[in-house]
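Numbering-wise (my numbering), the sequence shown opens with residue 1 and increments by one.
Just so you know, the hints here were simulated from the structure itself, not pulled from any lab data. Everything numeric in this text was worked out from a predicted model, so none of it was measured. Not one of these hints is a red herring.
If you anchor each label on the Cβ, the simulated ranges turn out as follows:
{"hint": "1", "residue 1": "E71", "residue 2": "K105", "range": "51 to 61 angstroms"}
{"hint": "2", "residue 1": "D34", "residue 2": "K84", "range": "25 to 35 angstroms"}
{"hint": "3", "residue 1": "G101", "residue 2": "E44", "range": "55 to 65 angstroms"}
{"hint": "4", "residue 1": "P83", "residue 2": "T32", "range": "18 to 28 angstroms"}
{"hint": "5", "residue 1": "K105", "residue 2": "T85", "range": "30 to 40 angstroms"}
{"hint": "6", "residue 1": "D34", "residue 2": "G78", "range": "11 to 21 angstroms"}
{"hint": "7", "residue 1": "K108", "residue 2": "T55", "range": "56 to 66 angstroms"}
Each residue gets a CB set at the ideal place from its N, CA and C atoms; glycine is no exception.
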Amino acid sequence: MSDKFFFKGKKEKKPKHSSYGFNTKRTAKSGTEDFPFALLVQTEARKVEVEALLTEHGLFADIEVNESKAENIVELEGFLNKPKTTTFEKTPKRNDPCSCGSGKKYKKCCG
1 MSDKFFFKGK
11 KEKKPKHSSY
21 GFNTKRTAKS
31 GTEDFPFALL
41 VQTEARKVEV
51 EALLTEHGLF
61 ADIEVNESKA
71 ENIVELEGFL
81 NKPKTTTFEK
91 TPKRNDPCSC
101 GSGKKYKKCC
111 G
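Given the sequences, and given the hints that come with them, work out the whole structure.
What follows is the structure, given as structure tokens:
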């Protein structure tokens, strides 16, 4: 039998926010003091260049100099070259002047 005829209220307890899907312990952002980037460069001169980039953007990294391995600064490049959101101009409303420059209303010209 269903509960709706004999029982008023919820049969199950309301779930806690942690078990319901709300994440209270979020992961820390990379590039901070707690989670620095792990970068690998080949020369000391390149290390100085990368450190200048880090201080310019307020980031932190553990830089290792090793001439035998290939340079690996993918994490830093990915953070600095984030794609930007594209924005479009809004289309004119019906009674606005047309954007083509004819002087007519948009609804009579290009609409």
